[in-house]
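*Asks:* Spelled out from the first residue to the last, the chains are:
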Amino acid sequence: MTVSLRRPLAVAAVLFVLILAFLAGRVHAGTDPAQVTAPAADAVQPATPGTDPYDGFAPGAPPQDAVPEQGGVPSPGGQDLDPPVTQAS
Amino acid sequence: MNRADERFRCMGCDARVRLESPVLCAGELARVGADVRATLEDADRRLTRFDPGSDLCRLNADPREVVPVSALVARLARAAVWAGAASGGLVDATLTGEIEAAGYAASRTGLEPGSLSDAVARAPERRPARPRERPGFAAISVLDGDRVTRPPGVRLDSGGLGKGLAADVAADLVPSGVRYAISAGGDLAVGGGDWEVAVTGASSGAEVHRLRVRGGVATSGVYERLWRRADGSYAHHLLDPATGEPAWTGLVSATAVAASALEAEVLAKTALLSGPVAAHRVLRRGGGVLQHEDGRVEVIAPAPVVRLPARATAPRSAA
Numbered sequence: 101m102t103v104s105l106r107r108p109l110a111v112a113a114v115l116f117v118l119i120l121a122f123l124a125g126r127v128h129a130g131t132d133p134a135q136v137t138a139p140a141a142d143a144v145q146p147a148t149p150g151t152d153p154y155d156g157f158a159p160g161a162p163p164q165d166a167v168p169e170q171g172g173v174p175s176p177g178g179q180d181l182d183p184p185v186t187q188a189s
Numbered sequence: 652m653n654r655a656d657e658r659f660r661c662m663g664c665d666a667r668v669r670l671e672s673p674v675l676c677a678g679e680l681a682r683v684g685a686d687v688r689a690t691l692e693d694a695d696r697r698l699t700r701f702d703p704g705s706d707l708c709r710l711n712a713d714p715r716e717v718v719p720v721s722a723l724v725a726r727l728a729r730a731a732v733w734a735g736a737a738s739g740g741l742v743d744a745t746l747t748g749e750i751e752a753a754g755y756a757a758s759r760t761g762l763e764p765g766s767l768s769d770a771v772a773r774a775p776e777r778r779p780a781r782p783r784e785r786p787g788f789a790a791i792s793v794l795d796g797d798r799v800t801r802p803p804g805v806r807l808d809s810g811g812l813g814k815g816l817a818a819d820v821a822a823d824l825v826p827s828g829v830r831y832a833i834s835a836g837g838d839l840a841v842g843g844g845d846w847e848v849a850v851t852g853a854s855s856g857a858e859v860h861r862l863r864v865r866g867g868v869a870t871s872g873v874y875e876r877l878w879r880r881a882d883g884s885y886a887h888h889l890l891d892p893a894t895g896e897p898a899w900t901g902l903v904s905a906t907a908v909a910a911s912a913l914e915a916e917v918l919a920k921t922a923l924l925s926g927p928v929a930a931h932r933v934l935r936r937g938g939g940v941l942q943h944e945d946g947r948v949e950v951i952a953p954a955p956v957v958r959l960p961a962r963a964t965a966p967r968s969a970a
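These protein sequences, in sequence, are chains F and R.
Heads up: the first sequence begins at 101 in the numbering used here, then just goes up one per residue.
Heads up: the second sequence begins at 652 in the numbering used here, then just goes up one per residue.
Treat each hint with caution, since some may be false.
Unchecked claim - Reference excerpt, derived from the structure (chain F facing chain R, CB under 8 Å, subset only):
no., residue
1, S104
2, G125
3, D180
4, P183
5, P184
6, Q187
Calculated directly from the structure, the hints in this document are not laboratory data.
By construction, the Cβ of each residue, glycine as well, lies at the ideal position given by its N, Cα and C atoms.
Given the sequences, and given the hints that come with them, work out the whole structure.
*Replies:* This is the structure we're talking about:
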């Protein structure tokens, strides 16, 4: 019995290590495995409405969404206390 | 790290120049900042449509078909042609007569904008803007970088294009080793590294989101230049080219991220004029922020950057 279980367990362990190594390689190469299967609609993140009828957040409140890479960064405790501002021109 | 930070009024808006460098001393940074400011102010003088003596007004008033122009006006003309084509005709810089007829014939500097909530309540049916059948920008061309040809009567309006262009031109002056953020009325050219740029709310002016940007970012909105007409209706400066009337699409603001301030300006205006549905597609590449009439703020994430494994991109050795 012990002998018959040893081989499947060994195969499973090897497979686990291989899969782990593959995922680690993709992350190292810059690809988030989660993004591969994420639906495109997830890219749009509706904000939580705040108290201002025209702003999605209460005045002064930090943004409540986080977007990876260049799309944006969450700002609470952000490094720049007086960042450049883009406003309607 | 040495820093320089200067704020001033330019192009009827707030301008700001931020410079940071571990290489240049404070004096050198101040000199770069002064050059950048002078460039923005020079662009303001040359591109305003509210001074008959400006380069732009002289071009617009010239009865000749081929007109010698300054290098900056030539770049603006090129930008107008490109923007019109790239936006499918929505960003039309030749709607000068229409914007004047809508009530924006003189500078609105110092004038309080109208009530956004009131304007939204009284706005006509929402619909995406459409291009003109024969847009004026299609008849413009630039010869040798110093002459513009266009049918007399076709007049250019610098508008947001002028701000984006000015920010990009000023950014060209910044030497390497300097991290910079140059804002010309909210159109920003940023470089030397990533910058956090705050997006403000359409009504309160409070920060609603931060974008991480390298290149350019710009916002197009109906609320800064918003006025009430004699008939009680509200108007703003973002026109539907097909009707020549202010566009009410359901969006009050669009912010776009792109490789340059000029590109971001064109994307932002295209997104706003396209309306809430098509704006997603417009902003998908670089990302951005949409603000709806009902107060919703939507953050559009940029298309993910997929990096191939190093072994797949390495050149093959000769067999």
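*Asks:* Run every hint past the structure and note whether it holds.
*Replies:* Evaluated hints:
| no. | hint | verdict |
| --- | --- | --- |
| 1 | S104 | violated (39 Å) |
| 2 | G125 | holds (7 Å) |
| 3 | D180 | holds (5 Å) |
| 4 | P183 | holds (5 Å) |
| 5 | P184 | holds (4 Å) |
| 6 | Q187 | holds (4 Å) |
Hint violations for this structure: number 1 only, all remaining hints satisfied.
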